[in-house]
Amino acid sequence: MDDSQIIDLYFRRDEAAISHTAAKYGVFCHNLARNILSVDADAEECVNDTYLQAWNSIPPTRPDKFGAWLGRVVRNLAINLWNKNHCKKRYSGMELLLNELEECIPSPGTVEHAIEEKELTGIINVWLASLPKNDRVLFMRRYWNGEAVNALAAECGMTQGRLAKRMYRLRQNLKATLEQAGYL
Amino acid sequence: MREAEVKKLYDSITNIKDEFVEEAQASKRKGCVSAGKPILWQKKHPAWTKWCALAASLCLVIGMGSLMLMNLHHAGTSGGSYNSGGFDNGFWGSGDLALLDAHREDFMPGLSAEAEAAFEGVPGVMEIYRTLNNEWFLANDLTDFSQILTAEPLYIVPAKDGAYSVYTLDENGISLGMGSSLPNNISVSVPYALSGLTYDIIEEDLAGINYDDYIIAQSTRLYTVFIWARCADGEDMIVTYPARPEFVGFENRGCYTLKEIQRILTKVYRDSGSHFQLTRNWLMIPEKLYFALLFICMVISIASVSALICGAAKKKTLTYYIIWGIILLISIVYLILTLGTHSIIAHTMVGG
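So the sequences go chain by chain: G and Z. Its first residue numbered 1067, the first sequence is counted upward by one per residue in our numbering. Its first residue numbered 22, the second sequence is counted upward by one per residue in our numbering.
Read the hints as simulated data drawn from the structure, not as lab findings. Computed from a predicted model, the values in this text were never measured in an experiment.
Quick look at which bits of chain G chain Z covers, simulated, 3 or more residues with Cβ under 8 Å:
1. 1136 to 1148
2. 1163 to 1171
3. 1205 to 1214
Note that the Cβ used here is the ideal one computed from N, Cα and C, for glycine as well.
The following block holds chain G by itself, in its conformation from the complex (with noise of 0.2 Å):
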């Protein structure tokens, strides 16, 4: 069933459509979840919360790409999921994660204004949008997903250790972008 048809259905109010979207998109929430909290259980709550808030959203959104939506639907509970407990527990994906695009913080002192977030989501679309294709894909697959690298890099063929050199190289270059756009 195609996204159209799924989100048709949330409009007929049919229950149907949750079943469809975990059909669909269940193994994709779930890893996305789990790549950030790295608790099965956790993970599991989030897609649930993800189900509810596509039923109660929709309609009226009518979003275009309805695996992206989910996609940031997920994340972004993932993430309020791992502020709440981020006192309690230490979910090792976020962290890391969150490790490394510390390195993408320009230096203090460097910066000219405060960039409200959404003026720094254009400035990495920007910046995404300039990237070859593998590049970015391999930047979204690790920092959106929150895919291990080391599944990323048996995936592409490559050692961990080389990958994790690309990545690094894609960090300085959106320092070096953020730092050009005056971010703080």
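Based on these hints, arrange chain Z on the given structure of chain G.
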């Protein structure tokens, strides 16, 4: 503060364009292993690279095969196979020495009085005359070797193990002319060109000929020494000592009339396309090593071509192509040096 910025950055990433998210998910679906091999980030080679690699490999195989067939063909003729050099000076001598107008009596056998005095006490000195640069053997009115030889003799002093030294003689006395050859491992009982040539061997080879006298002539271009035995009643006979008999068509210590010499050289000359140059710049290696390397390089070149063809079909990495390309190049260079230019030869290929 920094932690907050990191979180802000992370949250910003959450809201990037949907198409980037979809692109990543699509690549993840495509990037699943196929037949046990990851395919996500493999570069797709355009189809034409595969066909170009195949065409290049076929050209190499055909080229090498043609070269080998040519060599076999020439080896089967009396002229043998040889290097083509396009040498504009012709292939007899240096080309700038005077032609004597006088007849054969001006080329006397043995040593002149001056030479005898100069080389007194030195055993086995030979006086030789070098040939001119014209294609003398093509002439129809050839009557004597004044039409062939240069005026200035050289003096060969034999040494041990086939080595020799070359001298000139002028009003200032003896000068070391063309230098010396190095001793070699070839038995001196089988002379080639000047190496190992002595009066004893010459007279042994002339034993069956009723001659009056003889002179010694040398063609540097052909690396061949001719013992021209002059016969008062009957034809002059010429005994040949070629360094590369398979090139010039003469046997080592072979005996020919002048007409036969002309016929053989004319054929060789024509087969070479009028550009005939022997070079002495060859590398001699043991015979077994020569043929072993030849066989190995042939096998390696065929294997390299096959590997390149398979690589083109299976879309291998650039490193794969480079490595096999280098291996193919090295093996082909060796094959060219041995079969093509004969720059590498087995030591048994020199001499009789």
